[in-house]
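Protein chains: 2
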Amino acid sequence: MDRSFQLISSDTRTAARRGRLQTAHGVVETPVFMPVGTQATVKCMTPDELRELGAQVILGNTYHLLVRPGTELIAKAGGLHKFMGWDGPILTDSGGYQVFSLAKLRKISEDGVEFQSHVDGATLFLGPREAMGAQAALGSDIAMAFDECPHWPCDREYACSSLELTVQWAARCKEAVSSQPSAVPGRQLLFGIVQGSVYPDLRERCARELVAIGFDGYAIGGVSVGEPPAEMTRQVVMTVPFLPPDRPRYLMGVGTPPQMLEMIAHGVDLFDCVLPTRVARNGTIFTARGTYAIKNARCREDFGPLEEGCECYACRHFTRAYLRHLFWANEVLGLRLMTWHNLHMYLNTLKRARAAIAAGTFEDFRKEFVGRYHAEEER
Amino acid sequence: MDRSFQLISSDTRTAARRGRLQTAHGVVETPVFMPVGTQATVKCMTPDELRELGAQVILGNTYHLLVRPGTELIAKAGGLHKFMGWDGPILTDSGGYQVFSLAKLRKISEDGVEFQSHVDGATLFLGPREAMGAQAALGSDIAMAFDECPHWPCDREYACSSLELTVQWAARCKEAVSSQPSAVPGRQLLFGIVQGSVYPDLRERCARELVAIGFDGYAIGGVSVGEPPAEMTRQVVMTVPFLPPDRPRYLMGVGTPPQMLEMIAHGVDLFDCVLPTRVARNGTIFTARGTYAIKNARCREDFGPLEEGCECYACRHFTRAYLRHLFWANEVLGLRLMTWHNLHMYLNTLKRARAAIAAGTFEDFRKEFVGRYHAEEER
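Note that the protein sequences, when read in sequence, are chains A and B. Residue numbers in the first sequence follow my numbering, run continuously in steps of one, and reach 379 at the last position. Residue numbers in the second sequence follow my numbering, run continuously in steps of one, and reach 379 at the last position.
The hints are all genuine.
Just so you know, same-sequence chains aren't split out, so a pair can sit in one copy or run between any two.
Under the rule of at most 25 Å between Cα atoms (straight-line distance), these lysine-lysine pairs were calculated in the DSS-like manner:
| no. | residue 1 | residue 2 |
| --- | --- | --- |
| 1 | Lys76 | Lys295 |
| 2 | Lys367 | Lys351 |
| 3 | Lys295 | Lys82 |
| 4 | Lys107 | Lys174 |
No wet-lab data here; the hints were simulated from the structure.
Isolated chain A (complex conformation) (with noise of 0.2 Å):
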C-alpha cells in the first residue's frame, strides 16, 4: 500500500499533528473539517462557494444516494464528482451507520443489511460489497468501511459482537476495493472504523485487528451517538494510542468547535460534522464566542455584521437586522447566508489550528479559543 499520508510536524504540548493527505482529486492539509454532503450538495451551497469558503474535501453519504437518486445513475453521469460539479476530495461513508438508523431494517446476515428505502419503501441490500461497489460507483476519493455502529449506551455483550461483525465486514471491504474498478481515476482510499463503544479493551482489540488487515486511515466510531462529552474524550483517547501515527485519524460526526480542538489535541486529523449546516437553518450562529440565535429580539435593529471581524461573505455584505428579517420571512437567502456564515467558522477555525500547530501554539490557542467560546456562551 502506497502512503498516502504524509506527516509534516508534530505538537510538542499536545498530541497534535499537521498533516497532508494525497488523493485523487487533490492534497488535503490535516486537521481538517469536512463539510457534509449528504445528497450530492452541501446544503444551500454551490461547489463554487465552497472552494471560496477553502473547503478542502466534502462527504458524501452513500446510504441516502443509494436511496436517491441511485448510485447507478451517478455511475453514469460519470462519478459523484462530476454529478455535483465538485472537483476536490470527496470521503464517503458507508452507508452502515444510515441503513442501521433511517431505514426499516428486514434482515440482518453476515453478509449485511435487508432494509427498507425511507424514501420509496424500496428493498435494497447493503453489506460490505455492495457498500465498496457503491462507492466505486460514486467515485469518491476516501471510502470508508462498512461497520455496524452500536448505540450509546450499549452492553459488553452486544459491543463485542458488533465489533467482530464490524472487523470482518472491514476485512471483506478491504478485499473488495482492491477488485473493483472506480468510477474515477486515482486510487480509492479505504478507512477503517475503530468500534468497541466505552470498552478500553474492546477499542484496543478493534484497533489491533483493524491495524493487521491494514487500511489507508482509521475513523473512530460509534462516538456522537447521545454520549456525554466526557464519554467521547475517553473513547478517543483509549483509541488513539492502538492507530498506527503514520495513518490520518478521522473522527466521524464530531463536533463543536471546541469539541473538534480538543479532539485534534488527541491526535485527531479530519473531521465532519451536519452542525454547522442544520443549525443555520434554524438560525443558530456559530462564531468564536459561542452561538446565538438570530431570531433573537436584540438582533432587530442591530445593524452589525453576524460576526465582528468576520470576513465571510455574509459579514461583509450584510446585517444582522436584515439576517433576523431574511430568518422570520422564511427566505432562502438568509439560509444561504448563514450557512456560508456558520461553515466559514468552522472552516476557519480549523485553519487557525492548522497554523498554530505549525506555529508551536497550538494548546496555547486552544485554550483562548475555548476560553472566549465558553465565556460568551455561559453569559
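Chain A is already provided as a structure; the job is to place chain B on it using the hints.
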C-alpha cells in the same frame, strides 16, 4: 418636472421603443424586466448574482415590507438599498394591490384602508399619504401611486367609482411625494396607475386625468388579475394611445416571455412578474422553446444543461439529471439554480428585444421567438 426618460429609438413596424430611464441609483435601459424582490430579497438570489444576471432594476413590495420588518426599521438601516445590499434602482409598488388581495380589510374610506396584517394580525392603515410615506422611508427610486385595483370581471359601475378613487388618490400621492424627504439622495420618481377595467372610455378618462396631474411614468394596472390573455392585450391597446410618448409605460405583473414581447410591440417599457422565480420553486423551467418540468422522468438520465446553448451559471455547471435530483430531494441548491436560469431567460429575452429594436428587427425577432416558444409547448 425634469425629464427622467429618454427615447432612443422607435420601431417602425410596431409601437416598440428603446428608452433610457434615469434614476437616483443609475440608468435603466428599456424595455426592461424587473425581478420581484417581495420581502427585501429576490427569492433565493444574492444582489451580486442579480448583477451578474444583468438585472437593472428590481421591485420591492411596500405592503410586505410594511408588515415585516416594518418600513421604519428599513429607514433606520438607511433605506431598502442598504438594508438588502442592492445598489441599483428599485421600484416599489404602493401596497394597494396587496392590501386588497392579502390583508383582512377593516374599513375603507377616502383616506385609505384600515386592514389587518396577514403576518401578525396587527391593525395598519394605508392610504395615499401613508403609501408615499412608506415608499419614502424605503427610499426607492421609483414609487407607485396608491390605487385601487378592481378584479376581473368588474361591472362598469364599480370600475367607474374605483377609477375616481384611484385618480383622487393619485393626486394626493403627487402632493405627498413633493413634500416628503426621501431616505436616499436623488429625486424619487412617481408613476401613476391607469385603471378602468375593460371599459375603453374609462381607461381613456383615467389616463387623461392622470396625465393632467402629471407623473414621471404611467402604469397600466388592473391586468394579470385573472382575465384571458386577449383581454389583457385589449386593455393595453386601448390605454397606450392616451399615455404621453415621452414617459415610460409599465405593465404591472406581466407576464410570460411571449406576452412581454407582444406588449413591447404595443409600446410597453417596463414589466415585473413573479413567474420566473415562483415557478422555479415548482421545478418549471423557462426556455426559448417553452417551459418544461424538471421533475419529469425524461430528465432523469439527461446529462445536458437545463437549456441547450444557455450561458447562465446553472447551465454552464450542472445537468438536468442533477437538477432533477435536487428537486426531488428538496434541496435549496435546486431552487437557487432553477431560479437563476429562469431569471437569466427572462432578462436575456429582454436584452435581445432591446437589441432587436435598436437594429430595426424587433418584429421579426418577436415572431420567430413566439413561434419557437409555442412550437415546443404544444409538443
